[in-house]
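Novice: So you can see what is in the structure, the chains are spelled out below.
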Amino acid sequence: MKKKLLDVKNLHVHFKTYAGIVQAVRGVNFELYEGETLAIVGESGSGKSVTSNALMKLIPQPPGIYAGGEIHFNGKSLISLSEKEMLAIRGNEMAMIFQDPMTALNPTMRIGKQITEVLLKHKKADSKEAAKRRAIELLDQVGIPFPEKRYKTYPHELSGGMRQRVVIAIALAADPKLLIADEPTTALDVTIQAQILELMKEIQKSSNTSIIFITHDLGVVANVADRVAVMYAGQIVEYGTVEDIFYDPKHPYTWGLLGSMPDLNNSSDELLRAIPGSPPNLINPPIGCAFAPRNELALAIDFEEEPPMFQVSETHFAKTWLQHPNAPHIPIPEVVARRIASSRGGEA
Amino acid sequence: MRKKILEVKNLIQHFGSAKEPIKAVDGISFDVFEGETLGLVGESGCGKSTTGRSIMRLYDITEGEILFNGKNVNSYTSRKDSMQFHREMQMIFQDPYASLNPRMTAGEIIAEGFDIHGLYKNKKERQQKIGELLESVGLNREHANRYAHEFSGGQRQRIGIARALSLNPSFIIADEPISALDVSIQAQVVNLLKQLQKERGLTYLFIAHDLSMVKYISDRIAVMYRGKILELGLADEIYNNPIHPYTKSLLSAVPQPNPEYERKRVRIPYKHEETPANAEVIEARHDHFVLATKEQLSKWL
Numbered sequence: 001m002k003k004k005l006l007d008v009k010n011l012h013v014h015f016k017t018y019a020g021i022v023q024a025v026r027g028v029n030f031e032l033y034e035g036e037t038l039a040i041v042g043e044s045g046s047g048k049s050v051t052s053n054a055l056m057k058l059i060p061q062p063p064g065i066y067a068g069g070e071i072h073f074n075g076k077s078l079i080s081l082s083e084k085e086m087l088a089i090r091g092n093e094m095a096m097i098f099q100d101p102m103t104a105l106n107p108t109m110r111i112g113k114q115i116t117e118v119l120l121k122h123k124k125a126d127s128k129e130a131a132k133r134r135a136i137e138l139l140d141q142v143g144i145p146f147p148e149k150r151y152k153t154y155p156h157e158l159s160g161g162m163r164q165r166v167v168i169a170i171a172l173a174a175d176p177k178l179l180i181a182d183e184p185t186t187a188l189d190v191t192i193q194a195q196i197l198e199l200m201k202e203i204q205k206s207s208n209t210s211i212i213f214i215t216h217d218l219g220v221v222a223n224v225a226d227r228v229a230v231m232y233a234g235q236i237v238e239y240g241t242v243e244d245i246f247y248d249p250k251h252p253y254t255w256g257l258l259g260s261m262p263d264l265n266n267s268s269d270e271l272l273r274a275i276p277g278s279p280p281n282l283i284n285p286p287i288g289c290a291f292a293p294r295n296e297l298a299l300a301i302d303f304e305e306e307p308p309m310f311q312v313s314e315t316h317f318a319k320t321w322l323q324h325p326n327a328p329h330i331p332i333p334e335v336v337a338r339r340i341a342s343s344r345g346g347e348a
Numbered sequence: 001m002r003k004k005i006l007e008v009k010n011l012i013q014h015f016g017s018a019k020e021p022i023k024a025v026d027g028i029s030f031d032v033f034e035g036e037t038l039g040l041v042g043e044s045g046c047g048k049s050t051t052g053r054s055i056m057r058l059y060d061i062t063e064g065e066i067l068f069n070g071k072n073v074n075s076y077t078s079r080k081d082s083m084q085f086h087r088e089m090q091m092i093f094q095d096p097y098a099s100l101n102p103r104m105t106a107g108e109i110i111a112e113g114f115d116i117h118g119l120y121k122n123k124k125e126r127q128q129k130i131g132e133l134l135e136s137v138g139l140n141r142e143h144a145n146r147y148a149h150e151f152s153g154g155q156r157q158r159i160g161i162a163r164a165l166s167l168n169p170s171f172i173i174a175d176e177p178i179s180a181l182d183v184s185i186q187a188q189v190v191n192l193l194k195q196l197q198k199e200r201g202l203t204y205l206f207i208a209h210d211l212s213m214v215k216y217i218s219d220r221i222a223v224m225y226r227g228k229i230l231e232l233g234l235a236d237e238i239y240n241n242p243i244h245p246y247t248k249s250l251l252s253a254v255p256q257p258n259p260e261y262e263r264k265r266v267r268i269p270y271k272h273e274e275t276p277a278n279a280e281v282i283e284a285r286h287d288h289f290v291l292a293t294k295e296q297l298s299k300w301l
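Those protein sequences? They're chains S and B, same order as listed. If you read the first sequence in our numbering, its first letter stands for residue 1, the second for the next number, and so on. If you read the second sequence in our numbering, its first letter stands for residue 1, the second for the next number, and so on.
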């Protein structure tokens with residue numbers, strides 16, 4: 001039995017704005033085991049980044065409010081910890097890889113120093129010399145050529161991919177149990193993205209780190225994830241293993257996401273199955289299922305009552321009334337079904 | 001025989017000092033046929049956006065020739081000729097936040113083009129046309145009085161498209177029109193572009209780095225790398241039978257929404273090779289062109 005590292009229960013995060021209270025995260029539940037990768041997928045504004053920042057307690061208060069719920073990490077309840085106690089955990093037991101490597105690094109500091117800073121702060125090295133040796137090791141581990149030389153360079157001297165490797169080296173410096181990667185490859189070219197993903201998987205294999213991977217790219221999800229949480233309007237609407245989500249999706253929003261991507265294997269004669277409309281305003285979240293106004297297959301009850309999380313299988317959960325035993329049988333849209341069939345054929 | 005609407009001949013666009021120029025575009029040639037979509041793909045910095053902007057006459061080109069409907073676009077000297085050119089060719093920009101003036105209403109943004117060109121003298125007619133354009137891109141007439149910040153990203157891009165359509169052009173350069181948008185919104189915008197192409201017989205030069213979308217929307221694809229076009233051919237042909245090692249590497253790096261495939265995927269690394277001076281554009285297969293020397297080509301095939 002794998003050890004549970006992180007347990008998030010009914011997390012609510014709100015932001016006070018002039019227009020009203022934005023309910024950015026509205027009751028998120030998930031757990032993460034040692035050595036596994038959970039991908040959180042969703043569009044901008046779905047609450048995926050707020051969720052990950054909340055795990056690190058990086059939500060500025062005010063305007064942010066932890067409006068409810070619990071985060072248990074490695075035996076500690078994070079919500080009740082003071083900022084001082086959090087400092088000992090952040091960067092040490094859990095670390096973050098940010099989207100844009102240029103803004104994540106300090107442009108006025110040599111990259112070596114940005115790594116030794118973490119090592120010395122969290123007492124992972126006894127002396128400056130030891131810290132330097134370890135920093136060079138880390139640069140080497142993330143695939144930066146000539147690490148001794150690069151130790152003294154500034155971020156602007158490196159390419160985007162190399163900078164992201166430095167960000168990863170900093171995140172790995174204190175040997176964290178949990179890595180949170182918030183769109184770590186979105187700013188990179190595909191070939192560089194592929195290298196960074198390979199690097200992260202390698203690191204995970206060798207050190208049994210757990211990873212939360214936030215992205216909107218379903219291709220990347222299929223590549224890295226063991227399990228997937230699909231977020232929409234501040235809630236997880238579907239949750240399961242990567243196979244559950246890609247080969248047996250149950251939520252109409254997941255169908256929409258899969259259908260709106262072009263299929264490389266098929267000809268391009270037909271239009272994409274776009275999701276109409278745009279995501280709801282979270283100042284006044286819709287009553288009922290948040291996706292109902294954009295869902296062509298919505299039932300009457302979707303507009304009246306919020307569906308609970310139904311259990312589809314041992315690993316698979318979906319927050320849709322379609323899973324209710326009395327629900328009418330609505331088949332998966334043909335475009336999505338065809339794609340699943342063709343990808344299950346093993347050929348791609 | 002298909003009509004060539006655009007011919008780019010040995011286009012060179014350098015920036016910076018003449019002594020040590022940055023060779024953003026380094027001698028590329030291609031044609032775009034009427035009614036088709038040519039996808040221009042490549043990684044950041046490969047010169048794809050510069051190519052689009054040079055064709056649009058946003059830069060003074062260093063060398064080469066750009067023929068639009070048979071006429072050299074850089075030979076236009078009078079304002080009248082330039083204006084005529086821009087009625088035919090328009091651009092959709094990447095960032096729908098940066099490309100719309102925040103101090104203008106959607107209606108003013110769309111109408112700016114036809115005000116400059118003096119198309120509609122009559123106020124009622126002008127208003128009518130704004131309404132039609134908004135509706136053709138899936139917005140409402142009432143949106144004309146709103147400012148850009150009142151719209152979502154996808155809606156803003158629709159305004160950008162309406163503006164590009166306002167002069168009824170025949171050719172549109174779309175420079176990464178969807179990369180700033182969310183997945184579900186990307187599909188809406190791509191569908192809209194396809195539908196408009198069908199209705200109006202538009203020709204597109206579609207510039208992007210997202211290979212799966214490019215494959216979906218394009219009839220033919222040109223792969224750019226370090227200021228050169230390495231490979232050009234029909235979209236399916238480029239995807240299924242790439243010849244140049246760079247194209248192969250690029251395609252092998254695209255993650256697909258299919259976990260089983262992803263587990264088995266093998267990435268082909270590419271080691272940069274200077275394109276030899278004696279390399280030429282060779283038609284390796286029917287309508288499938290590669291920049292290579294004869295020796296290279298026989299090695300790759």
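No lab work stands behind these hints: they were computed from the structure. Glycine is no exception: its CB is placed at the ideal position from the N, C-alpha and C atoms. A portion of the hints provided could be inaccurate.
[Stated by the list, open to error] Cβ-to-Cβ under 10 Å is the rule here; a few derived chain B residues that face chain S:
(1) Ser29
(2) Phe33
(3) Gly42
(4) Ser44
(5) Ser170
(6) Val190
(7) His209
(8) Asp210
(9) Ser212
(10) Pro245
(11) Arg263
(12) Tyr270
[Claimed, not checked] The following residues of chain S were derived to be distant from chain B, with all beta-carbon distances above 12 Å:
(13) Gly20
(14) Ala67
(15) Glu70
(16) Thr108
(17) Thr191
(18) Ile245
(19) Pro262
(20) Leu272
(21) Arg294
(22) Met309
(23) Glu334
(24) Arg344
Novice: Could you run down the list of hints and mark each one as holding or not?
Specialist: For each hint, the structure was consulted:
Because the beta carbon of Ser29/B sits about 25 Å from the nearest beta carbon in chain S, more than 10 Å, this interface hint is broken. The closest approach between the C-beta of Phe33/B and any C-beta of chain S is roughly 17 Å, which is over the 10 Å cut-off, so the hint fails. Because the beta carbon of Gly42/B sits about 9 Å from the nearest beta carbon in chain S, less than 10 Å, this interface hint is met. Checking Ser44/B against chain S by beta carbon gives a least distance of about 6 Å; that is within 10 Å, so the hint holds.
Taking 10 Å as the C-beta cut-off, the interface hint given for Ser170/B is violated, the closest approach to chain S being about 22 Å. The restraint placing Val190/B at the interface with chain S holds, with a minimum CB-CB distance near 6 Å, inside the 10 Å limit. At about 7 Å, the closest approach between the beta carbon of His209/B and any beta carbon in chain S falls short of 10 Å, and the interface hint on this residue holds. The interface hint given for Asp210/B holds, since its Cβ lies 8 Å from the closest Cβ of chain S, which is under the 10 Å cut-off.
A least Cβ separation of about 5 Å between Ser212/B and chain S falls short of the 10 Å threshold, and the interface hint therefore holds. Taking 10 Å as the C-beta cut-off, the interface hint given for Pro245/B is violated, the closest approach to chain S being about 12 Å. Proximity of Arg263/B to chain S holds as hinted, the smallest CB-CB distance being about 9 Å (cut-off 10 Å). About 7 Å separates the beta-carbon of Tyr270/B from the nearest beta-carbon of chain S, less than 10 Å, and the hint is met.
Distance to chain B confirms Gly20/S as a non-interface residue, since its nearest Cβ pair spans about 17 Å, more than 12 Å. Against chain B, the non-interface label of Ala67/S holds: every CB pair exceeds 12 Å, the least being about 25 Å. For Glu70/S, the non-interface assignment is confirmed: its Cβ lies about 30 Å from the closest Cβ of chain B, beyond the 12 Å cut-off. Under the 12 Å C-beta cut-off, the non-interface status given to Thr108/S relative to chain B holds; the minimum distance is some 25 Å.
For Thr191/S, the condition that its CB be more than 12 Å from all CB atoms of chain B is violated, with the nearest at approximately 5 Å. Its beta-carbon lying about 9 Å from the closest one in chain B, Ile245/S breaks the requirement of being farther than 12 Å from that chain. With a least CB separation of 3 Å from chain B, Pro262/S falls inside the 12 Å interface cut-off, contrary to its annotation. At roughly 4 Å, the least C-beta separation between Leu272/S and chain B is not larger than 12 Å, which violates its mark as non-interface.
Some Cβ of chain B comes within 12 Å of the Cβ of Arg294/S; the nearest lies about 8 Å off, and the non-interface call is violated. No Cβ of chain B approaches the Cβ of Met309/S within 12 Å, the least distance being about 22 Å, so the stated non-interface status holds. For Glu334/S, the shortest C-beta to C-beta distance to chain B comes to about 16 Å, beyond the 12 Å cut-off, and the non-interface label holds. At roughly 7 Å from the closest C-beta of chain B, the C-beta of Arg344/S falls inside 12 Å, breaking its exclusion from the interface.
Consistency note: the structure conflicts with the earlier hints numbered 1, 2, 5, 10, 17, 18, 19, 20, 21 and 24.
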